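S.K.: Generate the whole structure from the sequences, applying the supplied hints.
Read top to bottom, the protein sequences are chains A and B.
At position 40 of the first sequence the residue is numbered 40 (my numbering), and the sequence of numbers has no breaks.
At position 101 of the second sequence the residue is numbered 1101 (my numbering), and the sequence of numbers has no breaks.
Mixed in with the good hints, there may be bad ones.
From the structure, some residues in chain B lie toward chain A, with a derived Cβ separation under 7 Å [to be verified]: (1) G1029; (2) I1096; (3) M1105.
Hints were generated in silico from the structure; no laboratory data involved.
As the structure is a computational prediction, the values presented were derived from the model and not from experiment.
Positions of the beta carbon are idealized from the N, C-alpha and C atoms, including for glycine.
Residues per chain are reported as follows:
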Amino acid sequence: MPLKQIGNATIDVDADGFMTSLSQWTRDIAAALAKEEGIAELTAAHWKVIEYMQKEFKENGAVPTVRKINKSGVISTKELYEIFPGGPAKKAARIAGLAKPVGCV
Amino acid sequence: MEDKIKKVSIIISKGTLDGVYAGLLMANGARMEGIEANLFFAFFGLDAIIKKRMGKIKVATVGNPGMHMASLLGVLPGMSAMATSMMLKTMGKLDIPPVPEFIEMAADAGCKLYACKVSVDMFKLKKEDFCPQVDSIITVGDFYEKAAGGEIIFI
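M.R.: Below, the structure written as structure tokens:
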């Protein structure tokens, strides 16, 4: 499993650059990953989504779909695409330290 | 690695469940990858954006070898409704929304939706017949302008 250097920390990632071990995740790592995804700064809205996705993953073992995130009331689909431009499901999952989402929806 | 696809314009010409969902999955999927997406509804595909019809899209049980069922059986009243209901249930479990919700989701994700002017005129429809997510009624020439520089998919 490839290793990745983020500041002082070293994390395990898969071939696509998604973290394989959520226990290694920190908010600083999230901020660094966000910059790599073209998001200069994580706002409160970003953190709400990240926290929801991590909670869903811990409770259900799966990364939530965009539809699920929208239905949760945490954020609307429109705003989700605004704050994670260019592919919210994948970007948010990566920044949240979760696996690449496998669905087509 | 080849250049990433930047834009895709999908024409939905059929009013069947598989035709409509194929188009919506591709358009929404494109937006999930950050690809610009246009949906152009033509002919029977208009049913997917007509307020009164979009909740009633069905799967064909006659003349559809993909159903793995004899057409003689598929002709019976209620078969299409039953097959559709079963498919929708299965799709619901996969978190695939019903058509009206999917249209809303695709539009919220930034997909543009257009109705084909020829088809609109043919079926004597007006803008008010369509769901609010439809951006405008456009000609084939307009479509080509919007599709320029990207991929075109015909369903």
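S.K.: All hints are to be evaluated individually against the structure, with a verdict given for each.
M.R.: Hints, verified against the model:
1. G1029: holds (6 Å)
2. I1096: holds (5 Å)
3. M1105: holds (6 Å)
Of the hints listed earlier, there is not a single one the structure fails to meet.
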